[in-house]
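So the sequences go chain by chain: Z and C. Residue numbers for the first sequence follow the numbering used here, so the first one is 1 and each next one is one higher. Residue numbers for the second sequence follow the numbering used here, so the first one is 1001 and each next one is one higher.
Don't read these hints as lab results, they were simulated from the structure. Check the hints yourself; a few may be wrong.
Stated by the list, open to error - To spell it out: a stretch of chain Z is covered by chain C in this simulated footprint if at least three of its residues, at any positions, have a beta carbon under 8 Å from a beta carbon of chain C; those stretches are:
1) 41 to 48
2) 176 to 190
3) 255 to 263
As the list claims (entries may be wrong) - Partial list, derived from the structure: chain Z residues whose beta carbon lies under 10 Å from chain C:
4) T17
5) G100
6) G166
7) M196
8) A198
9) G222
10) P224
To be verified - Going by beta-carbon spacing under 10 Å, a handful of chain Z positions derived as facing chain C:
11) E85
12) I89
13) A266
14) E301
C-beta: ideal position from N, C-alpha, C; glycine also.
2 protein chains.
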Amino acid sequence: MTAIDSSQQHAYDKVDTVHMTLEEVRALSTRVLEHYGFTRPHVEAVTETLVAGERDGCSSHGLYRLLSCINTLKAGKVAPDATPELHDIAPALLRIDAKGGFSQVAYLTALPHLIDKAKALGIAALGINHCAHFSALWADIEPLTDAGLVAFACTPSHAWVMPAGGSKPLFGTNPLAFGWPRPDKPAFIFDFATSMVARGEIELHRRAGKPIPEGWGVDAEGNPCTDPATVLDHGAMLTFGGHKGSALAAMVELIAGPLIADMTSAESLAFDAGAKVTSMGGELIIAIDPHRFLGAQAETELARAETLFESMVAQGARLPSQRRYLAREKSIREGVWISKTLYNDICNLIR
Amino acid sequence: MTAIDSSQQHAYDKVDTVHMTLEEVRALSTRVLEHYGFTRPHVEAVTETLVAGERDGCSSHGLYRLLSCINTLKAGKVAPDATPELHDIAPALLRIDAKGGFSQVAYLTALPHLIDKAKALGIAALGINHCAHFSALWADIEPLTDAGLVAFACTPSHAWVMPAGGSKPLFGTNPLAFGWPRPDKPAFIFDFATSMVARGEIELHRRAGKPIPEGWGVDAEGNPCTDPATVLDHGAMLTFGGHKGSALAAMVELIAGPLIADMTSAESLAFDAGAKVTSMGGELIIAIDPHRFLGAQAETELARAETLFESMVAQGARLPSQRRYLAREKSIREGVWISKTLYNDICNLIR
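I would like the entire structure built from these sequences, with the hints used as guidance.
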């Protein structure tokens, strides 16, 4: 479909690499974030998501993000010392005001309360508000599946994506994630953009001087366009799956925007005001306790989910997070390889 | 994309039509269902969904379904006199056992309780169990948006659809629906199959002796196939949007299957045992009260959703249920036109 492999998620040359243990990745991220004045909770929470990204082979959510974290800070679009404020707004609902900080500390603060509510009531929802958001949603799903809960998460981004049948950017890349806990196995988790591809994928084609496949974007008039620069600077990206993906993107705008009193992707882009940094806004997370739904039937019923997974794998279908879990095992054993260019760029941040 | 217009949702010739008022549609459905011994609540509830389908221009969920309702009854796969049993299983969770009846009476029985829980707690979920399921999900979403709630619904069907990367049918067409209430306007509602197209669409191509477009199905070995008969009888349908649609289809299997102690699509097809009737199993419905999330901010925040809809419409994108609402206005004013063949087939049921 395209000459550029999506595993090359950042634009750095991977041939010339630096080997790091996960402990070294953690130490480097910590040093950079401390250097720029992030308070202890932010240093730790952001670092853990970057380590998790590198570890799971998602380099676009790994150390690479340190560069945009610092850019976001320099642009004055994230508070390095925010102390989130939790609001218990209804028996089954929480909202946490991140106070302009990155989402991670706010989420970690609210997480035990969300788990408690879901286990007490059967289902509960959390809105994270006023956060700078760049973390992968699977990282927010995992602590919930670890607690034995079924979980959904979604967040708007910047208005880069055209609604099906429209002509102008309006929706964000609006990722949607879902997790299902598995006994004695890593959870079944998917996490995908409702845009056809990630924005970084189109960016990579621009840098490589290559056209993008049809179906990824349109020009300023809403016509099909294969020139990455035109799509990125004047046109719009497309949703996956035509009007169905577009409907899902609209749902994300609504439930992680107005429903939790936070910005849509259009409002987030306006707030960015040309700074081109991390999107600002909210995230919605819903957690369900299967043991409350199933009671004494839980063990038997959850075993039937395992039968479904086995049927998928037996016919050659990959479970959504399989690649990530394989990368994780390998990284824990062998460490990771970071491009030398990226490594130097990060070191330059603290020179 | 294809020579057959998807508005021709049943195989009957539309040229030779019978005009009916909605009251006449209601009376005809009532007579047929009464004739076959459905008890009063089932006659009324099933009839109302058939009337709603005809009224909204969704003929595949209109009177046409009477034929399969009666087939399902004759095959012994639906109880005409089931009295559903409601279980208040956790503060925010309900399950209702449909006792083998059609889903509608069970849903109507549970509905006020679901609304009460969502309004009291902020979010609540309902599992409908052991029902014969054929109703459109938008019909289940509407009473919730009418009550001012945000709602999700999904249900498995029969194992006709291949997981991405697989080779055999495993998932159902697994529809997914979402609704957002709008002040003084019909709700924003989408409802789509996670398969590329509805099964009936492929059936129509078979009857018309026309090949189906690539991307709709595969043969028995999992290879791309454009012969509708091969896809329907020996192969599998495909999900929309590749691995993303496939992930959503798997989610529907899980949350409207094992999570609520009900059948997956593979289990439903096994239960059908060649009878080729309506799928059997469960449905999951989640309702959220935006007023509990937003409190005093509700009016302002919900107005921002209206801005999003206006931005969509202004650039030519259609809101998901727009066509349905236009058909509704017209049908209420002018009545509907039913194919004479269908009308005669239905009348033959009670001759």
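Outcome of the hint check:
1. Counting residues of the region 41 to 48 of chain Z whose beta-carbon sits less than 8 Å from any beta-carbon of chain C gives 0, not enough to reach three: the coverage restraint is violated.
2. Look at the region 176 to 190 of chain Z against chain C: 4 of its residues bring a Cβ nearer than 8 Å to a Cβ of that chain, three or more, so the hint holds.
3. Given a C-beta distance limit of less than 8 Å, the hint that chain C covers the region 255 to 263 of chain Z holds, as 6 residues qualify and 3 suffice.
4. At its closest, the beta carbon of T17 of chain Z sits 29 Å from a beta carbon of chain C; the interface hint therefore is violated under the 10 Å criterion.
5. Violation of the interface hint for G100 of chain Z is found here, the shortest Cβ-Cβ separation to chain C being roughly 18 Å, above the 10 Å cut-off.
6. With a least beta-carbon distance of about 4 Å to chain C, the hint placing G166 of chain Z at the interface is held under the 10 Å criterion.
7. The restraint placing M196 of chain Z at the interface with chain C holds, with a minimum CB-CB distance near 9 Å, inside the 10 Å limit.
8. Because the beta carbon of A198 of chain Z sits about 12 Å from the nearest beta carbon in chain C, more than 10 Å, this interface hint is broken.
9. Taken as an interface hint, G222 of chain Z checks out: its beta carbon lies about 8 Å from the nearest beta carbon of chain C, inside 10 Å.
10. Interface hint at P224 of chain Z: violated, since its Cβ lies 15 Å from the closest Cβ of chain C, which is beyond the 10 Å cut-off.
11. Interface hint at E85 of chain Z: violated, since its Cβ lies 15 Å from the closest Cβ of chain C, which is beyond the 10 Å cut-off.
12. Interface restraint check for I89 of chain Z: the shortest CB-CB distance to chain C comes to about 7 Å, inside 10 Å, so the restraint holds.
13. The closest approach between the C-beta of A266 of chain Z and any C-beta of chain C is roughly 7 Å, which is under the 10 Å cut-off, so the hint is satisfied.
14. About 5 Å separates the beta-carbon of E301 of chain Z from the nearest beta-carbon of chain C, less than 10 Å, and the hint is met.
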